[in-house]
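K.L.:
Following the numbering used here, the numbering of the sequence shown begins with 1 at its first residue and continues without gaps.
The set of hints was computed from the structure by calculation and includes no laboratory data. Check before you lean on any hint, since a few could be wrong.
Between beta-carbon pairs, the in silico distance windows are [unchecked claim]:
1) L47 to V125: 13 to 23 Å
2) R27 to G124: 33 to 43 Å
3) E39 to S84: 38 to 48 Å
4) R31 to R117: 20 to 30 Å
5) D123 to P95: 20 to 30 Å
6) E39 to D79: 30 to 40 Å
7) R43 to P22: 36 to 46 Å
Beta carbons: idealized from backbone N, C-alpha and C, even for Gly.
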Amino acid sequence: MNIAGIKHVRSGGESAVSGAEPFDYDRAFARNIGLVSEEEQRRLRGLHVGIPGLGGVGGIHLMTLARMGIECFHLADPDVFEVSNVQRQFGATIPSLGRNKTEAMAAAAREINPGIRTCIFADGVT
1 MNIAGIKHVR SGGESAVSGA EPFDYDRAFA RNIGLVSEEE QRRLRGLHVG
51 IPGLGGVGGI HLMTLARMGI ECFHLADPDV FEVSNVQRQF GATIPSLGRN
101 KTEAMAAAAR EINPGIRTCI FADGVT
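With the sequences and hints as input, model every part of the structure.
P.N.:
See below:
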């Protein structure tokens with residue numbers, strides 16, 4: 001389904017670094033086993049999580065969930081990163097200043113797992 005104002009992004013799953021080893025989901029998230037079971041890790045991978053707001057709280061949640069192995073996110077935030085966000089928001093970096101928070105944070109999550117899929121609501125939700 002394609003809705004105006006929504007951008008769907010799917011990565012090919014290959015490593016973004018030239019010459020780096022290919023991304024292996026099971027190897028990347030193997031250390032989660034023990035905290036969660038193998039079956040729970042499979043379930044986490046298939047979850048779809050929505051995060052409304054990617055500033056101080058939502059950005060950290062996205063990164064934590066990406067590191068847990070969740071691969072599908074619906075991200076909503078109409079705001080852009082500004083210099084005043086640098087001291088408290090994960091995604092606020094010099095390269096992200098002026099960028100829409102959803103776009104910048106989706107890119108940051110794909111740096112953890114290139115298989116992450118996002119549905120971006122850059123105009124927020126109403």
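K.L.:
The structure should be examined with respect to each hint, and the outcome stated for every one.
P.N.:
How the hints compare with the structure:
{"no.": "1", "hint": "L47 to V125: 13 to 23 Å", "verdict": "holds, 19 Å"}
{"no.": "2", "hint": "R27 to G124: 33 to 43 Å", "verdict": "holds, 36 Å"}
{"no.": "3", "hint": "E39 to S84: 38 to 48 Å", "verdict": "holds, 44 Å"}
{"no.": "4", "hint": "R31 to R117: 20 to 30 Å", "verdict": "holds, 23 Å"}
{"no.": "5", "hint": "D123 to P95: 20 to 30 Å", "verdict": "holds, 23 Å"}
{"no.": "6", "hint": "E39 to D79: 30 to 40 Å", "verdict": "holds, 38 Å"}
{"no.": "7", "hint": "R43 to P22: 36 to 46 Å", "verdict": "violated, 24 Å"}
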